[in-house]
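> Below are the chains, spelled out letter by letter.
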Amino acid sequence: MSEAKEPSASRRAFLTTGVAAAALVPATARAKDDPAITGLPSWTTTPGEGVDARPYGTPSQYEKHVVRRNVEWLTASPVSSVNFTPLHELDGIITPNGLCFERHHAGIAEVDPGQYRLMINGLVDSQLVFTLEDLLRFPRQNHVYFLECAANGGMEWRGAQLNGCQFTHGMIHNVMYTGVKLSLLLKEAGVKTSAKWLLAEGADASGMTRSIPMEKALDDCLVAFKMNGEALRPEQGYPVRLVVPGWEGNMWVKWLRRLELGDKPWHHREETSKYTDLLESGVARRFTWEMDAKSVITSPSPQAPIKHGSGPTVLTGLAWSGRGTIPRVDVTLDGGKNWVRARIDGPSLSKSMHRFYYEFKWNGEPLLLQSRAHDSTGYVQPTKDELREVRGKNSIYHNNSIQTWHVSEKGVVENVEIS
Amino acid sequence: MSRFLNRRSIAAAVCVSASLFAGWAAAEKLGLGRPATEAEVKAWDIDIRPDGKGLPPGKGSVATGEELYGKLCASCHGDFGEGVDRWPVLAGGKDTLKSEDPVKTIGSYWPYTSTIWDYVHRSMPFGAAQSLSDDDVYAITAYLLYLNDLVDEDFVLSDKNFTTIELPNKKNFKLDDRPDSPIFKKRDPCMKDCKESVKVTGRARVLDVTPDSGATKDDAKAPAPTAAADAKKDAPKADAKVADKPTAAPKAAAIDMELAKRGEKLFRQCTACHDAGKGAKNKVGPALAKIMGSPLASVPGFKYSKVFKAKAAEGAVWDSATMDAFLKKPMSWARGTMMAFGGVRKAEDRQALIEYLKLVAPGEPGAKKAAAPKEAAVVAIDAALAERGKKVFRACKACHAVGKGAKNKVGPGLYKVLGAPIGSVAGFRYSKTFKKKAAAGEVWDAASLDAFMAKPLAWAKGTYMAFGGVRKASDRKALIEYLKSVGQE
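Top to bottom, those sequences are chains A and B. Here my numbering = 1-based position in the first sequence + 69. Here my numbering = 1-based position in the second sequence + 1.
Hints were generated in silico from the structure; no laboratory data involved. Don't take every hint at face value.
List of simulated lysine-lysine pairs, PhoX-like, C-alpha gap at most 20 Å [claimed, not checked]:
no.: 1; chain 1: B; residue 1: K172; chain 2: A; residue 2: K333
no.: 2; chain 1: A; residue 1: K333; chain 2: B; residue 2: K54
no.: 3; chain 1: A; residue 1: K261; chain 2: A; residue 2: K285
no.: 4; chain 1: A; residue 1: K406; chain 2: B; residue 2: K291
no.: 5; chain 1: A; residue 1: K333; chain 2: B; residue 2: K329
Derived DEER-like restraints, expressed as beta-carbon distance ranges [to be verified]:
no.: 6; chain 1: B; residue 1: K473; chain 2: A; residue 2: F429; range: 45 to 51 Å
no.: 7; chain 1: A; residue 1: E284; chain 2: B; residue 2: E29; range: 17 to 23 Å
no.: 8; chain 1: B; residue 1: I256; chain 2: A; residue 2: T107; range: 46 to 52 Å
no.: 9; chain 1: B; residue 1: P36; chain 2: A; residue 2: E141; range: 43 to 49 Å
no.: 10; chain 1: B; residue 1: L458; chain 2: A; residue 2: F429; range: 19 to 25 Å
no.: 11; chain 1: B; residue 1: E154; chain 2: A; residue 2: E141; range: 54 to 60 Å
no.: 12; chain 1: B; residue 1: E197; chain 2: A; residue 2: V383; range: 25 to 31 Å
no.: 13; chain 1: B; residue 1: R395; chain 2: A; residue 2: T262; range: 18 to 24 Å
Small disclaimer: the values here were computed from a predicted structure and weren't measured. For every residue, glycine included, the Cβ atom is placed at its ideal position computed from N, Cα and C.
Please take these sequences and the hints and turn them into a complete structure.
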């Protein structure tokens, strides 16, 4: 990167932010004295708040913009709506509890834990009721899993629409759950051999229900009461939610109140009217539970433009698969002409988000960024066109296609589609 | 888990320690929980299956269903199930599943009748779930079938004939066969020189539907390349001008040329649909020749949407305030407007546009604001606070319509609430507790509203307003300001 080639217009743009301006000064040049160093800031001279000021800590006052956001025009009422995780502001693989996206069908139920009950009924030897204390006496497990809404990216089938990975990919979070294996609770009730399906039901005013096949229920589902170490947040189903690893988020019933065993699926609203994938032929797929492998570059992205000008740049993103781990992520800077392997850093856990990085020297040229996930089954994330070829544009759910970001000379990033 | 298994095997092998590990050894079952009573299971097990399992005895006619639906459902789903605003559509959509814009309704998409019964019973009406009797649900289900042309008007649905009613789209569902698609073939994708050229074929900014606050810091949201970037560079200058001249504002006629010039640039995004200035012609949108100060929907020869005509009938006039509100969110300011445009987000951009329109499309001098004299009598409203209150009010929208002539929905229509007697909206069926308060002559003032909003169910035990309350005092204050402002515009 040569200084001279830097277009002056973009220089001026960067000068508007002081930090960026400083970054442009070559290391060898003589720098002006920085008042951030020569002037003592108040936090160096004066003690701050004491330990009783923040009994439940919140982020720095300078991080106020890092919040979940909704897209108002999407739904008629915020009580039945969705907001989005600010992926562009996060790093690592864990989503902080207060930033996990929310999707409610009738608002946040505020369940009194003292009155919490979980019922198991239907095809079991004995129909049982558990209190929260009862659940805490079963052996527990800890697992990190992503929860992705099947409609994540649903607004993008027809073309690039929303400018920011918070909105294109933010219906996902990744959390360490503590809970009891569902199979243990079911054993406690004694599952009859005729039981092939489980109905999970929520206690909220939508009475959310989903049918889950017995094999999955007995495999890795959890009845969870903790997220990232603390009690579930009300908006995530306090005090108890179902965890259905790798499968669409709608099935992870919050405020879980009942598990019924039956010999057939129930075909309720959320598995007929919703969460069925309409194909071009007019036929719809039902019971499309697994989340296909997917990835997205979270920075640079429209809400996280490059502000530092040319030079060393960190590209980072997330990848996940409902079928296992992510052994490999490829990244392209030129719209798919050439690809390189990104570096995956941090834990690689099955059905969990993976964090990847690619460090490069940006020379100020426009870029077309994409990432492509490979999962442990050998599945490779498809392009938008490949996916539309087999799905059409009307299926709303399960859009796991490759995302493209255009980076301008000025470092401004836009959601685009390319040939 | 593995530790648990170990213990168990140890316990099995070493008999001596068996008592120590008694709990674990019996681990097939821990003996936790207690048996559910019959009444408990009955209370919670409300699910219905396509084969009719779970259906309680009962029946209901289309005619009864129509009455119930009109009272409880039509405010959101429309008289014919067509859906008001963005509330779900329940009827119609026949033969649209293969089209560009499929309309998925009970008649066009749903596979099973049982889903209607189950869902309406557990979840509707929105805001008062599980308030319907079994017979009500039979009747409403019958009516929804009728709205979808699936039964006749004299049809009566019951647990006896329930499973004979099949929905037309039942056959058009298949199981998940994604793994059979070519995408699932193992691939070793190309890494080098994979294609010769790449073209941008679509961009998000064209649609401009991303929420405003999505970008966080100033330039994160820098507008699209070149042209718009220029506008941005100019922006600070123009802004400074406006701020410098607060005294210029009262002399309304004076045009801030600098600002208008900026407006002209911004107007480029409108020219696809609008011609502006003297001699402008109607295009996709009406000609903007004399717009500022003119009544709504008054451009000759242009076919306006219903909502515009309705607003015109109410005497609405284009002034800076109405234009600003409209430009900010065309589709929500005028629900059903044909102006399919996302809106101009920045207040200063809208100001510039309005300045430009004042310059090139001033109205007839005689066409004075109809509302002007009324404004004098108005109680002072903190507009910013009211605006915040409007946002908070989103939590109430599910149940309340606001404004003059607002329809009763789940809750009463709210108009000029402050100062009104409690429970006085015509045609609304209030709870006993509200009726009592009404009989006692209680009136809504800021204090009673604040108390009610804080904890509806505690303030009025037995109220029908099934709503948890607004926790923050500052939110309640904003809400009250908003409710105040509603009767005053």
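> Could you run down the list of hints and mark each one as holding or not?
Hints, verified against the model:
1. With a C-alpha separation of about 18 Å, the suggested pairing of B:K172 with A:K333 holds against the 20 Å cut-off.
2. Between A:K333 and B:K54 the CA atoms are separated by roughly 10 Å; this keeps the pair inside 20 Å, and the hint holds.
3. Between A:K261 and A:K285 the CA atoms are separated by roughly 16 Å; this keeps the pair inside 20 Å, and the hint holds.
4. For the given pair, A:K406 sits about 53 Å from B:K291 by alpha-carbon distance, which is inconsistent with the 20 Å threshold.
5. Restraint check for A:K333 and B:K329: not satisfied, since their Cα atoms lie roughly 51 Å apart, outside the 20 Å limit.
6. For the pair B:K473 and A:F429, the supplied restraint of 45 to 51 Å holds, since their beta-carbon distance comes to about 46 Å.
7. The beta-carbon spacing between A:E284 and B:E29, approximately 21 Å, falls within the hinted interval of 17 to 23 Å.
8. A beta carbon spacing of about 48 Å between B:I256 and A:T107 agrees with the range 46 to 52 Å that was offered as a hint.
9. Range check, B:P36 to A:E141: about 48 Å between beta-carbon atoms, so the 43 to 49 Å window is met.
10. The hint said 19 to 25 Å for the Cβ distance between B:L458 and A:F429, and at roughly 58 Å that hint is violated.
11. One distance hint, 54 to 60 Å for the beta-carbon pair B:E154 and A:E141, is violated here, with the actual separation near 39 Å.
12. A C-beta distance of roughly 30 Å is found between B:E197 and A:V383, which places it inside the suggested range of 25 to 31 Å.
13. Roughly 50 Å separates the CB atoms of B:R395 and A:T262, a value that falls outside the hinted 18 to 24 Å.
Checked against the numbered hints above, the structure breaks hints 4, 5, 10, 11, 13 and satisfies the rest.
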